[in-house]
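Protein chains in written order, with our numbering: chain A, 454 to 913; chain B, 454 to 913.
Some hints could be false.
A pair counts as met if it fits within one copy or between any two copies, since identical chains are not told apart.
Here are the computed lysine-lysine pairs in the DSBU-like style, where the Cα-Cα straight-line distance is at most 35 Å [what the hints assert, rightly or not]:
hint, residue 1, residue 2
1, Lys731, Lys519
2, Lys907, Lys519
3, Lys907, Lys731
Simulated from the structure, these hints should not be mistaken for lab results.
Nothing here was measured: the structure is a model prediction, and the numbers come from that model.
2 protein chains.
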Amino acid sequence: MPERMVVIGADAGGMSAASEARRRRSPDDLEIVAFERGNFTSYSACGIPYWIGGLVDEVDELIVRKPATFRDDFRIGVHLHHEVTGLDLDRREVVVRDLSDGGRERRERFDILVYAAGAVPVRPDWARTDAGGVFGVQTLDDGAALRAWLDRDPAPRQAVVIGGGYIGVEMAEAMIQRGLAVTLIEQGSEPMSTVDPDMGAMVRDAMVRLGIDVRTGVEVGELLTRDGRVRAVGTSIGEFPADVVVLGLGVRPNTALAAAAGLPIGPTGGIQIDLRAKVVGTDRIWAAGDCVETIHRVTGRPVNVPLGTHANKQGRVAGINIGGGYARFPGVIGTAVTKVCDLEVGRTGALEPEAAAVGYDFITVIVESTNRAGYFPGSESMHVKLIAERHTGTLLGAQIVGRSDAAKRIDALAVALWNQMTVEEMAGLDLGYAPPYSPVWDPVLIAARRAADKLRSMDC
Amino acid sequence: MPERMVVIGADAGGMSAASEARRRRSPDDLEIVAFERGNFTSYSACGIPYWIGGLVDEVDELIVRKPATFRDDFRIGVHLHHEVTGLDLDRREVVVRDLSDGGRERRERFDILVYAAGAVPVRPDWARTDAGGVFGVQTLDDGAALRAWLDRDPAPRQAVVIGGGYIGVEMAEAMIQRGLAVTLIEQGSEPMSTVDPDMGAMVRDAMVRLGIDVRTGVEVGELLTRDGRVRAVGTSIGEFPADVVVLGLGVRPNTALAAAAGLPIGPTGGIQIDLRAKVVGTDRIWAAGDCVETIHRVTGRPVNVPLGTHANKQGRVAGINIGGGYARFPGVIGTAVTKVCDLEVGRTGALEPEAAAVGYDFITVIVESTNRAGYFPGSESMHVKLIAERHTGTLLGAQIVGRSDAAKRIDALAVALWNQMTVEEMAGLDLGYAPPYSPVWDPVLIAARRAADKLRSMDC
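Bound conformation, chain A alone (with noise of 0.2 Å):
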């Protein structure tokens, strides 16, 4: 009789960890089971501002694998439309809600839970989905009520973003390329704030060139509607009308179920899990994905990054261990890249704000140069930011605003940052260098020797 392992979420981490499970044991070993309450599996979520924008075509570009494929190619067993509601420890049994069958539940038990249920969307009050033309983005149904919306006809013509993180600027670029006119409204001082105002400027510039109506320092106070439409954002400076309205608010890690079964949750509203992705105090019930949470390696602090990338790390570390290998997830960095408008954006470490808040003395140098050689065809400029610890030269942060080329350089400071790398260590590391690809000193050696220089001359 094999031992069953129950997975509650069907996407990234949920999957990951099923699939390294079953490299590892065999179906007379370990039958393993998904339960997804949505109506799909293993998806690109990050591929939604795309599908809107008309960049990618077919919904089912997303999907990296299907329900038949875990079936066929990994005998794992994923059961779509299906919720689970309740989680009994004791029993070790899970309520499962057929939401395809009138939504009849039944209980299914188990000997390995993975839970994975990943995030839901952060709705204040004011938020109001059920509105007409009231849209949230994380889900591909969500894409897909979207899609739908603005091929109504007649088409909407005027889209209010609100949020200006790296979905809410994804999707205003979006709404740009389907040719409506957009108005993007943000609390903060400027727009992508994941990145510090000095580098969030250079993607105003970038979304306002584009056509973007960009609104900074702004609260937004309503929705209101007409006839159960929405109809206009009103806000701390006023009403701005729309037809569509994107929320790109963010997400909070899905936790309802695992905090009402006594799993331990952390600071950040994550469930907190092991190095090898256990959940913390349990037997045999791992985590991973958006619902954890993790160590920063820079602040020391726990943090939840709701990342697909983190989700199949995690995953796969669970598997391994599940599996019977040894496995670990070493923590985040907090590295993200973006496209918006004609700019890469890409950042790794501590913001500015989160390097004081822990207590870092640091230093920052802003560099620009180009992504190539000056006289090699498509040279073009590129703004790199370090941020350093004063005592040591320690890179605590890296940012990079560039038009071609520039995000994915973060990829060589996130190593170096890693891996504890002074400034002048970094500026004397051996990378890539010819013509068509960076100047004789690549941008990222530019920035690490300009901080070396500036500690030098602070004489500490």
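Knowing the structure of chain A, use the given hints to seat chain B on it.
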């Protein structure tokens, strides 16, 4: 009375040292004079193939700084057409021949010497550069002569490039772009000898697709001439007709003067310097650039890697130390990137034979992935090869061949290798993910994960 610093060779290494020293010591304290036998200073030799191929229009674009800039902005004297022909360490003098003044010689004293004489091209006995139509591509003067030859009327139609390293491959492409028929002759089993043959085979395919006649495993025996002009290349498999022959046979350190003066020359033929770029066993004599040898951090062996990026860094280190600061050059790991036809090629660390030669026991993996999310427009194939120590999993080398956004991914691998990360640690790295820039598992991470899986399955 200021001290006097003499620089032999006014290119990357020498002028970086001069500029950094000047930043720390004023003209009242340190006079700086550089002697350069050529027509140019501080130029991008790596840009020559693109100038020949027509991607770069004017030779001036390749010149980073001119003597007037050094004079006016840095108060550094640069004397072009001045060849240093003697070095007298006891009297602390150099003998300088003014090539623009009939070769008149004079002696110049120094307190501090920077030896940055660069490299000289490898010229086997058969390499008759006195024959018309036979060219190297090491200097701007070489490039100008080749361009003039290509512009003759009637224009040459058949080119033979000898040597399949990155310069040879770039020159073959440049000649195709100029409309010539091109044969590339290489001794080894594949072109692009800077990567392992399994990766080099992909480069061969790309070259053949572009119409280049690639001949490998071929020894050149002689250049055949008629009326003082080259007419064919004689090889181990017969004659190849040629109106123009380009020699891409590499370079060796230009150390004749240094050796004659008794400066220490290492096993690679390069000058031996210490961590701070001071010539071993000397006082106040420094060296930088293509003429020195340094340590390869993976093999632990001395190497001579003639690349502008190292020359600049070594020069910076020398200049900081000359200026009274402290800096050291940490060695190299063999990182290089090249654009060849429609491919991008990157490498870092040791190739398989290099790793084997020093006794490493290792495994290799090659994975194929894409530069962007599979569904994102412009998604293209990329191969990543990793070499990892079997017992520890430590990364020893990496190679990438892909169509776009491939080459500079080597930087993240280079920084990981620099920090002696294991492939399992690397699989947990927090790299940038967004659909326009990578699949949810970046190709770099996929390769690391695959290597970690392979090591796990070998139970070592």
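Evaluation of the provided hints:
For a Cα distance limit of 35 Å, the shortest separation of Lys731 from Lys519 inside one copy, 27 Å, qualifies, whereas the shortest one across copies, 63 Å, does not. In this assembly of identical chains, the alpha carbons of Lys907 and Lys519 lie at most 35 Å apart only when taken from different copies (27 Å versus 53 Å within one copy). In this assembly of identical chains, the alpha carbons of Lys907 and Lys731 lie at most 35 Å apart only when taken from different copies (24 Å versus 44 Å within one copy).
Checked against the numbered hints given earlier, this structure breaks none of them.
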